[in-house]
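**Student:** For the protein sequence lines, the chains are A and B, in the order given. When we follow my numbering, the leftmost residue of the first sequence carries the number -11, and every step to the right adds one. When we follow my numbering, the leftmost residue of the second sequence carries the number -11, and every step to the right adds one.
Worth flagging that the hints you see were computed from the coordinates, not collected in a lab. Don't be surprised by glycine CBs; every beta carbon is placed ideally from N, CA and C. Among the hints, a few may not be true.
Claimed, not checked - One-sided and incomplete, this derived list gives chain B residues near chain A with beta-carbon spacing under 7 Å:
(1) Ile69
(2) Gln152
(3) Arg155
(4) Leu162
(5) Glu234
As the list claims (entries may be wrong) - Simulated restraints, written as ranges between beta carbons of each label pair:
(6) B/Leu290 to A/Ala254: 48 to 58 Å
(7) A/Gly216 to B/Ala196: 35 to 45 Å
(8) A/Ala90 to B/Gly178: 47 to 57 Å
(9) B/Glu275 to A/Asp148: 58 to 68 Å
(10) A/Gly267 to B/Asp197: 38 to 48 Å
(11) A/Asn7 to B/Ala196: 30 to 40 Å
(12) A/Ala254 to B/Gly45: 49 to 59 Å
(13) A/Gly181 to B/Ala(-8): 56 to 66 Å
(14) B/Asn244 to A/Pro25: 31 to 41 Å
(15) B/Ala252 to A/Gly29: 32 to 42 Å
(16) A/Gly216 to B/Pro77: 43 to 53 Å
(17) A/Ser243 to B/Ala196: 12 to 22 Å
2 protein chains.
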Amino acid sequence: MGAAPAGVEWIAVDWGTTNLRAWAMQGEQVLAAAAEPLGMGGLAKNQFEPALLKTVGGWLTEGSVTPVVACGMVGARQGWIEAPYVSVPSPPHSADAFCRAATSDTRVAVTIVHGMSQADPADVMRGEETQIAGLLALRPGFSGLACLPGTHTKWAVVADGAVQSFRTFMTGELYGLAVAQSVLRHSVAGPDGYDDAAFDEAVAEIAADPAGLAARLFSTRASGLLRGMAAPAARSRISGLLVGLEVAAMQAAWSNAPVVLIGASAVSASYRRALTLLGAPQTEVLEADLCSLAGLAAARKLIG
Amino acid sequence: MGAAPAGVEWIAVDWGTTNLRAWAMQGEQVLAAAAEPLGMGGLAKNQFEPALLKTVGGWLTEGSVTPVVACGMVGARQGWIEAPYVSVPSPPHSADAFCRAATSDTRVAVTIVHGMSQADPADVMRGEETQIAGLLALRPGFSGLACLPGTHTKWAVVADGAVQSFRTFMTGELYGLAVAQSVLRHSVAGPDGYDDAAFDEAVAEIAADPAGLAARLFSTRASGLLRGMAAPAARSRISGLLVGLEVAAMQAAWSNAPVVLIGASAVSASYRRALTLLGAPQTEVLEADLCSLAGLAAARKLIG
Chain A
-11 MGAAPAGVEW IAVDWGTTNL RAWAMQGEQV LAAAAEPLGM GGLAKNQFEP
39 ALLKTVGGWL TEGSVTPVVA CGMVGARQGW IEAPYVSVPS PPHSADAFCR
89 AATSDTRVAV TIVHGMSQAD PADVMRGEET QIAGLLALRP GFSGLACLPG
139 THTKWAVVAD GAVQSFRTFM TGELYGLAVA QSVLRHSVAG PDGYDDAAFD
189 EAVAEIAADP AGLAARLFST RASGLLRGMA APAARSRISG LLVGLEVAAM
239 QAAWSNAPVV LIGASAVSAS YRRALTLLGA PQTEVLEADL CSLAGLAAAR
289 KLIG
Chain B
-11 MGAAPAGVEW IAVDWGTTNL RAWAMQGEQV LAAAAEPLGM GGLAKNQFEP
39 ALLKTVGGWL TEGSVTPVVA CGMVGARQGW IEAPYVSVPS PPHSADAFCR
89 AATSDTRVAV TIVHGMSQAD PADVMRGEET QIAGLLALRP GFSGLACLPG
139 THTKWAVVAD GAVQSFRTFM TGELYGLAVA QSVLRHSVAG PDGYDDAAFD
189 EAVAEIAADP AGLAARLFST RASGLLRGMA APAARSRISG LLVGLEVAAM
239 QAAWSNAPVV LIGASAVSAS YRRALTLLGA PQTEVLEADL CSLAGLAAAR
289 KLIG
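Pulled out of the complex, with its shape left as it was, chain A reads as follows:
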């Protein structure tokens, strides 16, 4: 963690299933950052406070209380405490649905941000609402689609400062299972790398025949057996089929609205490529951490 930074006013925490990431903040300025593999998935109820203190303890001051604002799966039923889901349509943050997590250490005051839900079609998010709050802080008045690529990619319709509706695609998880666990693992065993032409071809194919997904995935394996398709081409083809299918499903939404992609650069680049190929008029990429931090800062202001 290094030397304790001076002037820490509050601590921003993005606490997901796998990792705990924290930033020592002065206003909206980052003074220091820390990360530990202490995600919600591996912690019992009584392990959350020790995990937090292990990560941010060096930033605390004896005799004063530092506010901590956390978002993500830390607020799930299996998390530290269960923060409610706020139903859409709603602004991404509602301070009256934030939760306080009790601590025995009096140097911190921990607030956990709620998630969001949608009744029909049934859907849920935790953590992405804070990135959307960050988007609205960075682009005041934004109206359009926020796409947050990941294991479970979210597409949110944002207008009038609120999330109007959203849709989650488990595309990233399907990709991971396909390349690691299915017969397609033989097709991607080989040299690293990607093949843009194979990605583009797959996006066009699946947009023209969305129902054919399970056949077009299998044909990747058959192309390996019959024509020796290389691993980079196979990897990009599988990605193109799955990302292309998802982007095609959202066509009605993005054809008339700007899209902001919020996510890790490589995966956002794939989504942006597919959007452009299928004719999306306007796409922009925002870095995920930038949005998370802006959203956590917005949450802190709401707490007052």
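Place chain B on chain A using the hints.
**Tutor:** Below, chain B alone, put in the same frame as chain A:
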């Protein structure tokens, strides 16, 4: 294995990735059956003959040679010997592409049936060609679609005694990964059983929005979190989404042709249900083993 049956003329073998199944035959009559978990996937080259003898040794007669006809993954590159792929269009069996596997035991003469391939879209099959040969033996002159549900479901266009084209969907494998390995495993944890209404609803949903697959799969999880969807309904919904998507992809083929389903009864029943829901005019189910045996008998006649 019990007492050796009298009058064994030949032995039929269906040798897949996981299992070796064999039948002692007199003409087209089954005298005895045996099965061992000695599939191609677990055997080195020099273990195929011992595996066969372990399974059928009791049916052999000292001093005479019993023909053995085997189909399936035993003929793959990783199998006993590699049998070629015959390109479509072609009759399901071409005797000149059958292969002899050498044995040190002189009581058997082993023939391995070839597979089939298609250049564009790239596709392969091994074992299903023999079930299609069985279909043609059981329904001479059949013209229409043969659907062989399984881990990798095949749809074959059959006309003029030949396989004209075919398409493989890895639907069964995707279903297995989704319910065992993905976030959806939480949704199917609970009471056994299926829910026909949930299946039917999912088939209709996905046929109307095929590109939405990854979102509609995830909504199963969200329905569990928000509305307590029961495990049987979740299981049937996931099945209905995946099977419905596949059946929708084949609509142009089945809307004008009879469909014969060849497969295990439960999975064939799901496909038949989806076909009927989406408007297929004519479907029939044939038992898979019946077709395999009829196909292996047809192969034996070709060998002469």
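**Student:** Any hints from earlier that this structure breaks? Give me their numbers in increasing order, please.
**Tutor:** 1, 2, 8, 10, 14, 16
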